[in-house]
Amino acid sequence: MPGNKKKSDYEITFFSRGGQGGITSCQLLAQMAFVEGFKDVMSIPQIGAERRGAAIRAFLIISGHEIRRVSAVTNPDIVMVFDESLLNLPLIINAIPRAKCKVLVNAEKLENDTRLSKDIELYTFPGTSIALGLDLLLEGSPLVNVPILGAFSKVSGLVSMKSIKSVLKEKWGSKADKNIKAVELSYDQTKRIY
Amino acid sequence: MKKDDPKSMETKCPIYKSWRELPLVPISRGMKGSIGETGDWRTYRPGIDEKECNRCGICYVYCPDGVIQFKEGSAPEIDYKYCKGCGICKVKCPKKAIEMIRERE
Amino acid sequence: MSKIKKSEMDKEQTIIMSGNYASAWGAKCSRVKAISAYPITPQTTVVEKLADFVDGGELDARYVKVESEHSVMASLVGSSMTGARSFTATSGQGLLYMTEMLHWVSSSRLPIVTTIASRGIAPPWNIWAEYTDILSIRDCGWIIQFASTHQEIFDSVLMSYKIAENQGVMLPYFIVYGGFTQSHTSKPVRIPPQKEIDAFLPPPPEKGWSHLNLDPENPVTFGNLLMPQQEYLDFRFLIHDSMVKSKKIIQKTIKEFKKSFKRDYSGLAENYKCNDADVVLISYGALAEQSKIAVDELRKEGKKVGLFKLRYIRPFPNEELVKLFNSDVKVIGIADQGTAFGNPTGGPISTEVMSLLRQSNRKIKVLPYVWGLGGRDVTVDEQIRVFHQLIQLKNKNEYPTDDTFQHGTVWMGLKTGA
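Residue numbers (this note's numbering), protein chains in the order written: chain A, 1 to 194; chain B, 1 to 105; chain C, 1 to 418.
For the record, the hints were derived by calculation from the structure and aren't laboratory data.
We put the CB at the ideal spot given by N, CA and C, even for glycine.
Be aware that a few hints might be false.
[To be verified] From chain C, some residues computed to sit far from chain B (all C-beta separations above 12 Å):
#1 T82
#2 Q93
#3 P219
#4 D234
#5 K363
#6 G413
[Claimed, not checked] Straight line, CA to CA, 27 Å or less: simulated DSS-like cross-link-like pairs of lysine-lysine:
#7 A:K39 to C:K245
#8 C:K245 to B:K17
#9 A:K162 to C:K11
#10 C:K259 to A:K39
#11 A:K39 to C:K255
#12 A:K169 to C:K11
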């Protein structure tokens, strides 16, 4: 696809449910990638009429160049799935590339998943149990959007834990401790399945 | 636009010969008869019967063009240069002390 | 200012923020004194952020909540007539509902600034990027500028007040950007130190505007009747005259901005690799900015293509366009992200650009486009195809043959069953 991608461009798609914080973590990662030293970043939430519980997409472009595009991300390098139940939705499964892509899923176990292509790299992290263990809740639901940052760091190698922690501290000050713990735990517990 | 002094209250609105002389927007300042001497519009003039008049000032309040001068204790005075002869004062006068008189009668 | 506000830094800071926040930050850093607000998607977070600023004591302004967009603009007429720097934001239907008051503002020569997160017009409901809202009110006597990057949204607010409040201009000012594609996406925006902004943009005169000032001590009547033989016609001409003459002030302000903040916004239009180009695409907004990638790709293949990005459509960049027509260009494509049903091309700006062609003696072929309506995705690949169509027209004199070419215009993305 000429023109759509430069070598220094990385494109990430986020799949979450309305209320899970997918858009927030997309926004946070944009900031973290900028702190990391990328020249330009762009977070693109695909929202319109807000809907709690509905499948929601967000995109992140991080680049060594000025980002000029405004069109949607269709061929991501990394896909982040906030909840394995989202993989039941044809809309989402069909939007995940069949090759040359890293897919990161919040799941306790995802050994024999037939829905995903074998030509991708599949990773999991136990985001829900980490959030529950640390009491990271919003209106009773476990917040996966912070643990997923640590998993992203490990899988992508694009954003260091140092940049993640510095943005979390800047945003929440001393209250960031719990979030930093969650990020560290998920970094350690992220596994490559194949 | 120059700020108006009381003397220029009788001035008519300025006449512009060229768009280059215009201010950015048209505005009106308090002045008598910015649209001309509206007394010309009149076919009937209100006349006040000073004996019947009880000096209540209701005609002064209702006059839509502010041409009735009224001081407490004396009969109202009408400025015929600008009175359009609408007759509202006649209708509103509780003592029926105002009569509309045909001009040149 | 007695105490330093927490967001007023003495150093430049870069913040990752949405296009809407860039607009709100622009208003805050311009030290606006009056904000009137009514929410509408996708603009709402502009006035929400400003409410935060005012509530948090970071912006010393009166914030008025009213019951409709019509009242938003009516209340700003009042505030601006007292000489207060006034601001609001709106979108789509909200802008259309404001229309009557838009004329009131421009004909009162009030330098109000309004940012527009443009969206499709209902029905059917649509809240995504399209410029039909602003394009359909383009003759209201407001300056209309497109901001095609997040940084440009912020920077434009600073420049807009300097331009609008110039005694030789005294016209209201729209800054326009795409709903969601710009309003809700986030990118790094550089916020200069407030001291430097204050030096670039001093406050308006304390005694109010010299032409019109609401002052209880010195009452005036404004908005009264002018008879046909009086100067109604002449005052209309004055608005057009100031609009045309504002071009010089705009160019001067862009230069001053570059001097102060080292960012160059070129002028009323941006010429991107057009100088030696034989095929040029003319467009505006973020999609025009994106087409630069297409130009770069085709340039790598040796194709002489360029992009001519319109930054302003009111005033219209006549001189810049005529200069382009007199260059080497042989074929021009003009892409509108908005409609003008029944006009000569279906897209409003393509018709306006074509009206200037007769000012050049050169024979130039033109192909109008309508694209991206209602937020329909326009990819770089599709933009490359646009250039290929234009090259085809240049080399073989062939207009597109597929079903998207209708009534002389390509309706890009039109579903044709193919």
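Evaluated hints:
1. No Cβ of chain B approaches the Cβ of T82 of chain C within 12 Å, the least distance being about 15 Å, so the stated non-interface status holds.
2. Every beta carbon of chain B lies more than 12 Å from that of Q93 of chain C, the smallest distance being close to 29 Å; the non-interface claim holds.
3. Distance to chain B contradicts P219 of chain C as a non-interface residue, since its nearest Cβ pair spans about 7 Å, not more than 12 Å.
4. Consistency note on D234 of chain C: stated as away from chain B, yet its beta-carbon is not over 12 Å from all of that chain's, at 4 Å minimum.
5. Against the 12 Å criterion, K363 of chain C stays outside the reach of chain B, whose nearest CB is about 38 Å from its own CB.
6. Non-interface status of G413 of chain C relative to chain B is upheld: no Cβ of that chain comes within 12 Å, the nearest being about 45 Å off.
7. Between the alpha carbons of K39 of chain A and K245 of chain C the distance comes to roughly 39 Å, so the proposed pair goes past 27 Å and is violated.
8. At most 27 Å may separate the alpha-carbon atoms for a hinted pair to count; K245 of chain C and K17 of chain B meet this at roughly 22 Å.
9. Proposed proximity of K162 of chain A and K11 of chain C is supported: the alpha carbons are some 24 Å apart, at most 27 Å.
10. A C-alpha spacing of about 23 Å is found between K259 of chain C and K39 of chain A, which places the hinted pair at or below 27 Å, so the restraint holds.
11. Distance check on the hinted pair: K39 of chain A and K255 of chain C sit about 26 Å apart at the alpha-carbon level, within 27 Å; holds.
12. Of the pairs offered as hints, the one joining K169 of chain A and K11 of chain C holds, with about 21 Å between alpha carbons and a cut-off of 27 Å not exceeded.
Hint compliance for this structure: hints 3, 4, 7 are broken, all remaining hints hold.
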